[in-house]
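A.B. asks: Protein sequence lines, in the order shown, are assigned to chains A and Z. Note that my numbering has the first sequence beginning at 1, numbered continuously upward. Note that my numbering has the second sequence beginning at 1, numbered continuously upward.
Treat each hint with caution, since some may be false.
As the list claims (entries may be wrong) - Counterexamples of contact, computed for chain A against chain Z with all Cβ distances above 12 Å:
| hint | residue |
| --- | --- |
| 1 | 9 |
| 2 | 42 |
| 3 | 56 |
| 4 | 65 |
| 5 | 93 |
| 6 | 96 |
| 7 | 99 |
Said to hold, decoys possible - In silico DSBU-like pairs for lysine-lysine, Cα to Cα no more than 30 Å straight-line:
| hint | chain 1 | residue 1 | chain 2 | residue 2 |
| --- | --- | --- | --- | --- |
| 8 | Z | 11 | A | 71 |
| 9 | Z | 57 | A | 37 |
| 10 | A | 42 | Z | 15 |
| 11 | Z | 11 | A | 37 |
| 12 | A | 58 | A | 37 |
| 13 | Z | 17 | A | 42 |
| 14 | A | 68 | Z | 11 |
| 15 | Z | 17 | A | 37 |
What the hints contain is simulated information worked out from the structure, not anything from laboratory work. We put the CB at the ideal spot given by N, CA and C, even for glycine.
Residues per chain are reported as follows:
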Amino acid sequence: GENVEQHPSTLSVQEGDSAVIKCTYSDSASNYFPWYKQELGKGPQLIIDIRSNVGEKKDQRIAVTLNKTAKHFSLHITETQPEDSAVYFCAASINNDMRFGAGTRLTVKP
Amino acid sequence: GAGVSQSPSNKVTEKGKDVELRCDPISGHTALYWYRQSLGQGLEFLIYFQGNSAPDKSGLPSDRFSAERTGGSVSTLTIQRTQQEDSAVYLCASKQRGGAIQETQYFGPGTRLLVL
Numbered sequence: 001g002e003n004v005e006q007h008p009s010t011l012s013v014q015e016g017d018s019a020v021i022k023c024t025y026s027d028s029a030s031n032y033f034p035w036y037k038q039e040l041g042k043g044p045q046l047i048i049d050i051r052s053n054v055g056e057k058k059d060q061r062i063a064v065t066l067n068k069t070a071k072h073f074s075l076h077i078t079e080t081q082p083e084d085s086a087v088y089f090c091a092a093s094i095n096n097d098m099r100f101g102a103g104t105r106l107t108v109k110p
Numbered sequence: 001g002a003g004v005s006q007s008p009s010n011k012v013t014e015k016g017k018d019v020e021l022r023c024d025p026i027s028g029h030t031a032l033y034w035y036r037q038s039l040g041q042g043l044e045f046l047i048y049f050q051g052n053s054a055p056d057k058s059g060l061p062s063d064r065f066s067a068e069r070t071g072g073s074v075s076t077l078t079i080q081r082t083q084q085e086d087s088a089v090y091l092c093a094s095k096q097r098g099g100a101i102q103e104t105q106y107f108g109p110g111t112r113l114l115v116l
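Just chain A, same shape as in the assembly (with noise of 0.2 Å):
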């Protein structure tokens, strides 16, 4: 079955500044690959999303790539903001089954 990589599970960035979350999947068929946001106590909310058709996809201060050869993409939040702190997911998907990422910390010190 599909297999996700996060990294790294931590991430301490200065407000401002950039932060990159990676993930690698085992299975070339996943065509889907969505991230999640979640804050304390509430449930996963989705940020973005790629298809496998699409190498790159971007809204507003957030952008995803996809390498379908290399099977891994990327999350990229710049002019990262305090309230950008949350764990986030990624998650690789084959029809109905999806598989995720352990999640990544991310912290924004102001």
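For chain A, the structure is supplied; the task is to place chain Z on it using the hints.
C.D. replies: Chain Z in isolation, oriented as in the chain A frame:
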């Protein structure tokens, strides 16, 4: 519109007791998932429902865990004879349809279960 709702939000129980966790998916969503999230960990898949098809139970950790979905909407996750290692956040997610077309999963706020 209304999102995925779960109840209770918190549950404290004694070891050996049974618990029931409820999930109300987004109206019209045919696919429903249950996940378990242990403290500081990622999401562990438990079970998946799609319409009237037989559920995918491959993620259930033991026969103490079961789930049902009545009328294709509300789902209940039952844990019998709870153990301390069952303590976790139980998350429910729904999506518009299953199959080969990818649709986003929308998560509820979770039920925080503590087994004493």
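A.B. asks: At 12 Å, judged by beta carbons, does residue 56/A keep clear of chain Z as stated?
C.D. replies: The claim stands: residue 56/A keeps its Cβ more than 12 Å from every Cβ of chain Z (closest is about 18 Å).
A.B. asks: Could you check that no beta carbon of chain Z comes within 12 Å of the beta carbon of residue 99/A?
C.D. replies: At roughly 7 Å from the nearest Cβ of chain Z, residue 99/A sits no farther out than 12 Å, so the non-interface label is violated.
A.B. asks: Can you confirm whether the C-alpha distance between residue 17/Z and residue 42/A stays at or below 30 Å?
C.D. replies: Holds. Residue 17/Z to residue 42/A sits at ~26 Å (cutoff 30 Å).
A.B. asks: Mind verifying the non-interface call on residue 42/A? Its CB should be farther than 12 Å from each CB in chain Z.
C.D. replies: At roughly 6 Å from the nearest Cβ of chain Z, residue 42/A sits no farther out than 12 Å, so the non-interface label is violated.
A.B. asks: Could you check that no beta carbon of chain Z comes within 12 Å of the beta carbon of residue 96/A?
C.D. replies: Non-interface label fails for residue 96/A: nearest chain Z Cβ at 5 Å, not farther than 12 Å.
A.B. asks: Holds or violated: residue 68/A with residue 11/Z, Cα cutoff 30 Å?
C.D. replies: 42 Å, violated
A.B. asks: Quick check for students: does the CB of residue 65/A sit more than 12 Å from each CB in chain Z?
C.D. replies: 18 Å, holds
A.B. asks: Residue 42/A and residue 15/Z: Cα distance at most 30 Å?
C.D. replies: 26 Å, holds
A.B. asks: For the pair supplied as a hint, residue 11/Z and residue 37/A, confirm whether the alpha-carbon distance does not exceed 30 Å.
C.D. replies: Roughly 24 Å separates the two Cα atoms, so the pair holds.
A.B. asks: Minimum C-beta separation from residue 9/A to chain Z exceeding 12 Å: can you confirm that?
C.D. replies: 9 Å, violated
A.B. asks: When you check the alpha-carbon spacing of residue 11/Z and residue 71/A, does it fall within 30 Å?
C.D. replies: Given pair residue 11/Z, residue 71/A is violated - Cα atoms ~40 Å apart, limit 30 Å.
A.B. asks: Are residue 17/Z and residue 37/A close enough, with their CA atoms no more than 30 Å apart?
C.D. replies: With Cα atoms ~33 Å apart, residue 17/Z and residue 37/A exceed 30 Å; violated.
In summary, the structure is inconsistent with hints 1, 2, 5, 6, 7, 8, 14 and 15 from the numbered list given earlier, while agreeing with the others.
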